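Participant: The lines below spell out each chain.
Number of protein chains: 2
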Amino acid sequence: MVTINDIAKLSGVSRTTVSRVLNNSGYVSEKAKKRVLEVIKETGYVPSEQAKSLRTKKSKVIGVILPKISTETSSRVVDGIDRELSNHGYHILLANANLDTDKEIEHFKLLQSRRVDGIILVATNIEDRLIQTIKDVNVPVVALGQDVPGVSSVLYDDYHAAFDVTSLFIKRGHKRIGFIGVDETDRAVGYERKKAYFDAMEKARLNVDPAWVQKGVFDIESGEKAMLTMLADSKEAPTAIFAVTDRLAIGAMQALKKKGIKIPEEMSVMGIGASDLSKYVTPSLSTVDYYNEKAGTETAKLMIEHIKNITEMTRKLSMSYGLIIRDSLL
Amino acid sequence: MVTINDIAKLSGVSRTTVSRVLNNSGYVSEKAKKRVLEVIKETGYVPSEQAKSLRTKKSKVIGVILPKISTETSSRVVDGIDRELSNHGYHILLANANLDTDKEIEHFKLLQSRRVDGIILVATNIEDRLIQTIKDVNVPVVALGQDVPGVSSVLYDDYHAAFDVTSLFIKRGHKRIGFIGVDETDRAVGYERKKAYFDAMEKARLNVDPAWVQKGVFDIESGEKAMLTMLADSKEAPTAIFAVTDRLAIGAMQALKKKGIKIPEEMSVMGIGASDLSKYVTPSLSTVDYYNEKAGTETAKLMIEHIKNITEMTRKLSMSYGLIIRDSLL
DNA sequence: CTGTTAGCGCCTTCAG
DNA sequence: CTGAAGGCGCTAACAG
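Just so you know, the sequences run in chain order A and B.
With numbering that gives the first Met the number 0 applied, the first sequence has no gaps in its numbers, which climb one by one up to 329 at the end.
With numbering that gives the first Met the number 0 applied, the second sequence has no gaps in its numbers, which climb one by one up to 329 at the end.
By construction, these hints were calculated from the structure, which means they are not laboratory data.
These numbers were taken from a predicted model, which means no experiment stands behind them.
You may find that some hints are simply not true.
Straight-line distance between alpha carbons at most 30 Å, and here's what the computed DSBU-like set of lysine-lysine pairs gives [claimed, not checked]:
{"hint": "1", "chain 1": "B", "residue 1": "LYS59", "chain 2": "A", "residue 2": "LYS108"}
{"hint": "2", "chain 1": "A", "residue 1": "LYS134", "chain 2": "B", "residue 2": "LYS32"}
{"hint": "3", "chain 1": "B", "residue 1": "LYS57", "chain 2": "A", "residue 2": "LYS51"}
{"hint": "4", "chain 1": "B", "residue 1": "LYS214", "chain 2": "B", "residue 2": "LYS278"}
{"hint": "5", "chain 1": "B", "residue 1": "LYS134", "chain 2": "A", "residue 2": "LYS293"}
{"hint": "6", "chain 1": "A", "residue 1": "LYS108", "chain 2": "B", "residue 2": "LYS8"}
{"hint": "7", "chain 1": "A", "residue 1": "LYS193", "chain 2": "B", "residue 2": "LYS278"}
{"hint": "8", "chain 1": "B", "residue 1": "LYS59", "chain 2": "A", "residue 2": "LYS102"}
{"hint": "9", "chain 1": "B", "residue 1": "LYS174", "chain 2": "B", "residue 2": "LYS108"}
{"hint": "10", "chain 1": "B", "residue 1": "LYS57", "chain 2": "A", "residue 2": "LYS256"}
{"hint": "11", "chain 1": "A", "residue 1": "LYS57", "chain 2": "B", "residue 2": "LYS278"}
{"hint": "12", "chain 1": "A", "residue 1": "LYS307", "chain 2": "B", "residue 2": "LYS67"}
{"hint": "13", "chain 1": "B", "residue 1": "LYS8", "chain 2": "A", "residue 2": "LYS134"}
{"hint": "14", "chain 1": "A", "residue 1": "LYS51", "chain 2": "B", "residue 2": "LYS134"}
{"hint": "15", "chain 1": "B", "residue 1": "LYS257", "chain 2": "B", "residue 2": "LYS174"}
Put together the whole structure using the sequences plus the hints.
Facilitator: Put into structure tokens, the structure is as follows:
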């Protein structure tokens, strides 16, 4: 592996001069510069970012902790993050928490040991241990998807999105509206969206049969199961279903189809996420676009601001969203 | 930032000893070890992998060059790669080529400058410049998805998969079979699959109307367009469509639906990829599972072998695949 | 069992 | 305009 020293020797100058042409800093004579550049090309020399980082204390790498890699949301978000970061010469170091808080915490340590310049946490459940870990970390942390105390966060407007969905059903004349949520330990998806549903119902003075409120776990199967339970347990079946996730909604649709219940004639369905799936299921699923890629980009921007300006205070950024009305809705 | 020197001083030993307890190497007295561990805990010291790498010439980071981040295949593959790599203490440094060969080449340089221990290339089009770049790189390279000359590669069995799909149609009595492909510069997806289609047709002594062979560009819209063109141009419409990609197939299905052509009664359709989408479109799409995650894992394994054993020769690994028969097929 | 010494490849004062 | 010297944080002989 050829180093800066080799280049220096071969071009008959000192390392310092080589370093200068490498970084375009300070004065270097045209002649020296030309010679150095030649030698670099001949040797195929590639400067070591490692050594540079050790010296400059900047790695130009951002760690990204994902709850799960193979997810539509994750890949959109990462895409958005990378889009912004790569513009500034940063690279992404991936860390997959696989929905395990222990691993999440461990990754903070690992990323720190690799001296990343910042850590982006695509967040799900926020436990105290996690918050503590984040506090102990000595690089900027920005969260995406959950409001993490003391940490700059990019947030989806879960409450208003969910409120709007419920209200949309109500405006269209639905009185009995079912809800399929997830565990409330997920504050954004579990708690906020559910609260909004209840608030919207209450505001419209609509009753909620407890059987109308079911819970799943982020996959299609559990949506199907939740729907079946709802159908079986409720005295009077709902005429509309709000699932907090597209996959949950699609699961519900599957259940409905199997039961011979027509969508949207007998049951309207809405999800959240604007997944690819939502567009191509039959009937096409009405949903909410959370602009994940944009969210990723914004998160990256925030991160860069934090890196550049150390005195930056913690900020909370709320993303907008867009309702997508399709055939699953009457 | 506390360093190994601080730990040494605080615990009254030399850096060497600290290093020894850190790496569990050599002899350290229980007493010294205990003291050092205490101090480390107190100070929250996290060793710098950077400095370590500079010294050991191993970064424990693998660069992964993706043709596109936000893709179902990509995320599955990355998931598989990470699963294996993380078991060995490696991290993934992401690089998005965004379908641009220039960027791909540039990423090889960038990853090299970051001194990654290896580079996994999730490949699409293989140009000579690329091959040259790979040759110049001085770390192990493993390709996934395309057979890159001189480079260990994990390959999908495109030829046989496509042959099987076509043969399946034939076995079920179809005589007029349409094909929607992609540009042949993509050797695996464009060339191999097309060749297999023609070979299977020829083997069965079946004619191919040139209008039955169309081309798209990996997205649903182009599949729709290709289907429409096929329908318009062919003297006798096919009774079955083989699209080299699920998205292309789904596009074709869209076109068919709009034209009022019933699937599968009037037209059978098959794709490749076993995408999520394929399972939930109506009718559900028959397809081929390429086991992307497994492919990722295998690629990572190959990479690790290469890293550990420098004298390893270049290997080609062919993945198996599985046909998934669903409702789109008569 | 432990410390000394010598760098890994680079940047950055500080003198010329 | 250029070079010498020092050091980033760590590991790896080599002596004790």
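Participant: Look at each hint and say if it fits the structure.
Facilitator: Hint by hint, here is what the structure shows:
A distance of roughly 15 Å separates the Cα atoms of LYS59/B and LYS108/A; the hinted pair therefore holds under the 30 Å criterion. Restraint check for LYS134/A and LYS32/B: satisfied, since their Cα atoms lie roughly 28 Å apart, inside the 30 Å limit. Under the criterion of a C-alpha separation no larger than 30 Å, the hint pairing LYS57/B with LYS51/A is consistent with the structure, at around 16 Å. Proposed proximity of LYS214/B and LYS278/B is supported: the alpha carbons are some 24 Å apart, at most 30 Å.
Taking the CA atoms of LYS134/B and LYS293/A, the gap is near 37 Å; set against the 30 Å cutoff, the hint is violated. Distance check on the hinted pair: LYS108/A and LYS8/B sit about 23 Å apart at the alpha-carbon level, within 30 Å; holds. Straight-line distance between C-alpha atoms of LYS193/A and LYS278/B comes to about 29 Å, which keeps the hinted pair within the 30 Å bound. For the proposed pair LYS59/B and LYS102/A, the alpha carbon gap of about 18 Å is at most 30 Å, so the pair holds.
At most 30 Å may separate the alpha-carbon atoms for a hinted pair to count; LYS174/B and LYS108/B exceed this at roughly 50 Å. For the hint linking LYS57/B to LYS256/A, the alpha-carbon distance of about 55 Å lies beyond 30 Å, and the restraint is violated. Only pairs whose Cα atoms come within 30 Å are accepted, and LYS57/A paired with LYS278/B is rejected, the gap being roughly 46 Å. Between LYS307/A and LYS67/B, the direct Cα distance comes to roughly 29 Å. Compliance with the 30 Å bound is thereby established for this hinted pair.
Between the alpha carbons of LYS8/B and LYS134/A the distance comes to roughly 26 Å, so the proposed pair stays at or under 30 Å and holds. For the hint linking LYS51/A to LYS134/B, the alpha-carbon distance of about 25 Å falls within 30 Å, and the restraint holds. Note on LYS257/B and LYS174/B: the hinted pairing holds, with a Cα-Cα distance of about 24 Å set against a maximum of 30 Å.
Violated hints, listed in ascending order, are 5, 9, 10 and 11; each of the other numbered hints is respected by the structure.
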